[in-house]
Structures are given as structure tokens and as C-alpha cells.
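Once you've looked at the hints, dock chain B against the given chain A.
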Amino acid sequence: GESVGLHLPTLSVQEGDNSIINCAYSNSASDYFIWYKQESGKGPQFIIDIRSNMDKRQGQRVTVLLNKTVKHLSLQIAATQPGDSAVYFCAELPYNDMRFGAGTRLTVKP
Amino acid sequence: DAGVTQSPTHLIKTRGQHVTLRCSPISGHKSVSWYQQVLGQGPQFIFQYYEKEERGRGNFPDRFSARQFPNYSSELNVNALLLGDSALYLCASSLAQGRIGAEAFFGQGTRLTVV
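The listed protein sequences derive, respectively, from chains A and B. Take the first sequence: its position 36, counting from 1, is numbered 36 in my numbering, and each next residue is one higher. Take the second sequence: its position 46, counting from 1, is numbered 46 in my numbering, and each next residue is one higher.
No wet-lab data here; the hints were simulated from the structure. Among these hints, one or two may not hold up.
Examples of chain B residues toward chain A, derived with CB under 10 Å [claimed, not checked]:
(1) His18
(2) Glu75
(3) Ala92
Using 27 Å as the maximum straight-line C-alpha spacing, the simulated DSS-like pairs for lysine-lysine come out as follows [as the list claims (entries may be wrong)]:
(4) Lys68(A) x Lys56(A)
(5) Lys30(B) x Lys52(B)
(6) Lys109(A) x Lys42(A)
(7) Lys68(A) x Lys52(B)
(8) Lys13(B) x Lys42(A)
(9) Lys56(A) x Lys71(A)
Taking beta-carbon pairs under 10 Å as the criterion, some of the chain A residues facing chain B (in silico) [what the hints assert, rightly or not]:
(10) Gly41
(11) Pro44
(12) Phe46
(13) Phe89
(14) Met98
(15) Gly101
For glycine and all other residues, C-beta sits at the position ideal for the given N, C-alpha and C.
Chain A with its partners taken away, still in its complex shape (with noise of 0.2 Å):
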């Protein structure tokens, strides 16, 4: 079946570098992603997201990229602080569905 996966399962940038995560999406029928954060003992928390008629939206210091050639979606965050460490799952919405992928695990070194 398709299904939303993530290149790397950890990430880990000095602070105050720009970290990108990756996530890959197979269902073509996917018109609507989200990028979420979660932190230690919490519910998942809303980025950013980001229709298919898009390329491109920003956010505070957050920017998703979606590629819908190779099917390929990037969380981008600018000057990432020690408050960003969390596990960063991807989206994919088709009508009436919702699929996360596994997650990246972001590690802020100070």
C-alpha cells in the first residue's frame, strides 16, 4: 500500500544552524499535507501546512517545501533553537484519510 515515510530517522544540528527534514509521499491522490512537532509526552503539535496547488509556504522561522514530481515534502527551520528538539512527523491528507510517517527526531546541540 502507499504511505508516507521519512528519509532520516534523526537529525542533529548545532544551535542556531537551519535544519531540514525530509519526508517522502507515495499517494498521488494526497492534496493536503501538515507538518507536525511533538515533544516528550505530548500530543503532536501544528507546524505549518500546505496544499498541493502549492510549492512553497512560510512560517515563522518554518518554511515547507512540497515537490510533487518526486513526491517529496521538506520541513526547513531557520536558526533552529534548543526549543525546536522534538520528533517532527509529516502528513499526508487524501480525502478522508490521514497517514503520518514515522517521524524525525531533531537534536538541538548547544
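For chain B alone, coordinates are given in the frame of chain A:
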């Protein structure tokens, strides 16, 4: 404003038992969704309820059931518990039915351990 609240926060059950998990949505939210998150994996969609009716169901066995009450709170029930049901169960609420997961706010989850 209170966010999505779930109870209990932790629970230990024995194989074969039944469990009921509870969720109170954000005030004014009418849609509730349930997810199962096994350790080390992303959440998996179980159910969505809107206006007390089931609007979506994921690929889970009939041992899993849910309902939504007139005050929009919800219960998730799991019968004949298996070891593999051990997971973090997440509830999310949203204002309207909409797309599953869209504009949804998650609670902190109930950690269920089946022994």
C-alpha cells in the same frame, strides 16, 4: 482556554480486558478524531466523529469502537485487549467536520499498557 483533555493519562490493563478512554474537545469544537501511536511510530487514524455520528474509520478491527456525546465529548472503547494494543491514544478536536486531521488540535494522549 482549556485545550483537548484526555483521561486517564496512564492506564495498565491485562490481556482480554476492556478499556474506555475519554476525550473532551476544545469548547466549541464539534469534531473529534482518535489516533493510535505505537512507540517509535507516527499516529494512525482510528475514527472521526462529528455531531455524534461516525464520519470516518481507519483500518482497525471491530474490537475498537467509539461514540460522541451531545456535549461533543467522546469515548474510545477497546475490547479483548491484546499486547499489541499498547500505545499512546491521541484525541484531536476540530471546529467542524472538514478534512480528517485538518485544523485539528491534539490532546496529550492516554498511555495504555497491556500486560
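State the violated hints by number, sorted upward, taking the hints as numbered earlier in the document. 1, 2 and 7
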